Amino acid sequence: MHEFDLSSAVVATVRKHAAGRRVTHVTLRIGRLRQVVKDTLEFYLAIVGKDTECEGATLEIVDVPAVLRCTTCKNEWEIEIPAFICGTCGPGAVEVATGEEFMVESIEVEDEEDAACTAQR
Amino acid sequence: MHRTKVRVVEDAFDANNTIASANRSDFDRADVTVVNLMSAPGAGKTTLLERALDGLAEQGLRVGVLEGDVAGSFDADRLSVLHLPVVQLNTDNGFGGECHLDANMVRSALPSVPLDEIDLLLVENVGNLVCPAEFRIGEDSRIMVCSVTEGEDKPLKYPLMFRACELVIINKVDLLEYLDFDIDRLEANIAQVNPSATIMKVSAKTGEGVDAFRAWLQALPARAGAAA
Chain A
1 MHEFDLSSAV VATVRKHAAG RRVTHVTLRI GRLRQVVKDT LEFYLAIVGK DTECEGATLE
61 IVDVPAVLRC TTCKNEWEIE IPAFICGTCG PGAVEVATGE EFMVESIEVE DEEDAACTAQ
121 R
Chain B
122 MHRTKVRVVE DAFDANNTIA SANRSDFDRA DVTVVNLMSA PGAGKTTLLE RALDGLAEQG
182 LRVGVLEGDV AGSFDADRLS VLHLPVVQLN TDNGFGGECH LDANMVRSAL PSVPLDEIDL
242 LLVENVGNLV CPAEFRIGED SRIMVCSVTE GEDKPLKYPL MFRACELVII NKVDLLEYLD
302 FDIDRLEANI AQVNPSATIM KVSAKTGEGV DAFRAWLQAL PARAGAAA
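So the sequences go chain by chain: A and B.
So for the first sequence, my numbering puts the first residue at 1; every next one is plus one.
So for the second sequence, my numbering puts the first residue at 122; every next one is plus one.
Some hints here could point you the wrong way.
[As the list claims (entries may be wrong)] Simulated crosslink set (DSSO-like; lysine-lysine; CA at most 30 Å straight-line):
1) B/326 x B/278
2) A/50 x B/326
3) A/38 x B/326
4) A/38 x B/278
5) B/275 x B/322
6) A/38 x A/50
7) B/275 x B/326
8) A/16 x B/126
9) A/38 x A/16
10) A/74 x A/50
11) A/74 x B/278
12) B/322 x B/278
13) B/126 x A/38
[Claimed, not checked] Label pairs and their calculated CB-CB ranges:
14) B/152 x A/93: 32 to 40 Å
15) A/63 x B/124: 19 to 27 Å
16) B/342 x A/76: 35 to 43 Å
17) B/139 x A/73: 17 to 25 Å
18) B/336 x A/93: 26 to 34 Å
19) B/130 x A/77: 25 to 33 Å
20) B/139 x A/42: 23 to 31 Å
21) A/81 x B/124: 37 to 45 Å
22) A/60 x B/194: 41 to 49 Å
23) A/77 x B/146: 37 to 45 Å
24) B/348 x A/73: 36 to 44 Å
Note that these hints are calculated values from the structure, not bench results.
Since the structure is predicted, the reported quantities are computational estimates derived from the model, not experimental observations.
Backbone N, C-alpha and C fix where the C-beta goes; we use that ideal spot for every residue, glycine too.
One chain only, chain B, in its complex shape:
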């Protein structure tokens, strides 16, 4: 039997990246800045968005949210009180959903997202510290939420995720007084795997530090525009 060796030398993520570029073009055409928001399950992504996005429209930043979840519309329902466009994207295909959003899933949801009516699209990825870091969706910026209930060593265990993000938000700092959590060690570990990451300490519950995140979001479109 004759066998032929075929030289491929192709990044296995090329197919995803091609679709991500198509998303990017659509975002650019509509002049929309896109944030890919990632975290472990339960770190507080949705609560943070509830806090941070409220009232941004009055300050001149029109925000939309694309909610990625394995199943259900619990998060989209929570955000609906903010009166901004929220589109639910479920990854469940019948027998257990995907653990992340990829470019194609985001693409499939884009017809439902009113890109012409928003300046900033926040894509809340599926809670997971591994796979979401590997699949680009056409975003301008990748950010993550980690929380003080998770453990100081997480950056060392999930460097792929912590390195992928330009902003790391440490959430639930209101719980610090009840925990044996060394936040300095967490910050040192983040700096070790991603020295250029911006770190913010917030409590989405009490609102502590959330203003800094709001300011960061407000400044992002201009920053992304300058980078493009």
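One chain only, chain A, in its complex shape:
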């Protein structure tokens, strides 16, 4: 359900970096702890990006696993369920190593001259 708002945040970030150039491809890095439904995100991105530089851009999502680190024993492990407890040291000593990312990694844009050529044709 939060994918609509996430889409707005993505489109705003992408447009800032596109600086008026047409965007053809967007690569996102999304951590598993973000609880993002990819199909839904893609669906909303198309809606939010309509009539902007992002319209028609293809989307690639790089999954980042949820990895925890125990601050006491320094062990790292990947989780599949939301259990933020170290099996050895118990609760209270765990930090998220990866899995909270929600990043625009890169975009692909059409060069300005080329875009102008396309427009003339």
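Place chain B on chain A using the hints.
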């Protein structure tokens, strides 16, 4: 056609976080501690505030409330009897409102909030267990209310929210005797997703446990000041 790859590597929440920092600066300038209060719809945020905020001014803590709602001023109207500054912030933009408050919405309401006359600002977010957890508003502390009518598994279904909060208030405990609700399991599930969370059991209706929450609120400005 020539295409160029542009490296971005930017958190998509950066734009929101920048505005949240601006809010933070305004709060700091006025020496106001800010709480972002979140929950599912109907968990009892407003009822809890009605109970907990009454009389705090007499005890030396001047409180203001920023009420976020999709539409209407029902909650602000309820709180108006407490004679403290309550500002209503509607997220409705004409065809259905936002399901959460973000930093910019809070910023737009700040001119109406008398920051110089309060010590603590409680921001009651829109009822929703997902989106509010993702948008910082410049707060010192994030807390949530869950209730015994919701289900013990909610922390496992909405870990993003339960992990975002330092205080989880379990409300409506007066109903426990009528429900097949396993409160120990709820507490265990909260501890599983957020081991460092403080848990309080209250009934905003009867007032049970509300004093602990009041004490927590009273201690917050000093704690937030020490953390800053």
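Hints, one by one, checked against the model:
{"no.": "1", "hint": "B/326 x B/278", "in the structure": "27 Å, holds"}
{"no.": "2", "hint": "A/50 x B/326", "in the structure": "48 Å, violated"}
{"no.": "3", "hint": "A/38 x B/326", "in the structure": "41 Å, violated"}
{"no.": "4", "hint": "A/38 x B/278", "in the structure": "17 Å, holds"}
{"no.": "5", "hint": "B/275 x B/322", "in the structure": "16 Å, holds"}
{"no.": "6", "hint": "A/38 x A/50", "in the structure": "18 Å, holds"}
{"no.": "7", "hint": "B/275 x B/326", "in the structure": "22 Å, holds"}
{"no.": "8", "hint": "A/16 x B/126", "in the structure": "15 Å, holds"}
{"no.": "9", "hint": "A/38 x A/16", "in the structure": "23 Å, holds"}
{"no.": "10", "hint": "A/74 x A/50", "in the structure": "46 Å, violated"}
{"no.": "11", "hint": "A/74 x B/278", "in the structure": "28 Å, holds"}
{"no.": "12", "hint": "B/322 x B/278", "in the structure": "20 Å, holds"}
{"no.": "13", "hint": "B/126 x A/38", "in the structure": "22 Å, holds"}
{"no.": "14", "hint": "B/152 x A/93: 32 to 40 Å", "in the structure": "34 Å, holds"}
{"no.": "15", "hint": "A/63 x B/124: 19 to 27 Å", "in the structure": "24 Å, holds"}
{"no.": "16", "hint": "B/342 x A/76: 35 to 43 Å", "in the structure": "37 Å, holds"}
{"no.": "17", "hint": "B/139 x A/73: 17 to 25 Å", "in the structure": "37 Å, violated"}
{"no.": "18", "hint": "B/336 x A/93: 26 to 34 Å", "in the structure": "27 Å, holds"}
{"no.": "19", "hint": "B/130 x A/77: 25 to 33 Å", "in the structure": "26 Å, holds"}
{"no.": "20", "hint": "B/139 x A/42: 23 to 31 Å", "in the structure": "26 Å, holds"}
{"no.": "21", "hint": "A/81 x B/124: 37 to 45 Å", "in the structure": "40 Å, holds"}
{"no.": "22", "hint": "A/60 x B/194: 41 to 49 Å", "in the structure": "44 Å, holds"}
{"no.": "23", "hint": "A/77 x B/146: 37 to 45 Å", "in the structure": "39 Å, holds"}
{"no.": "24", "hint": "B/348 x A/73: 36 to 44 Å", "in the structure": "27 Å, violated"}
Checked against the numbered hints given earlier, this structure breaks hints 2, 3, 10, 17 and 24; the rest are met.
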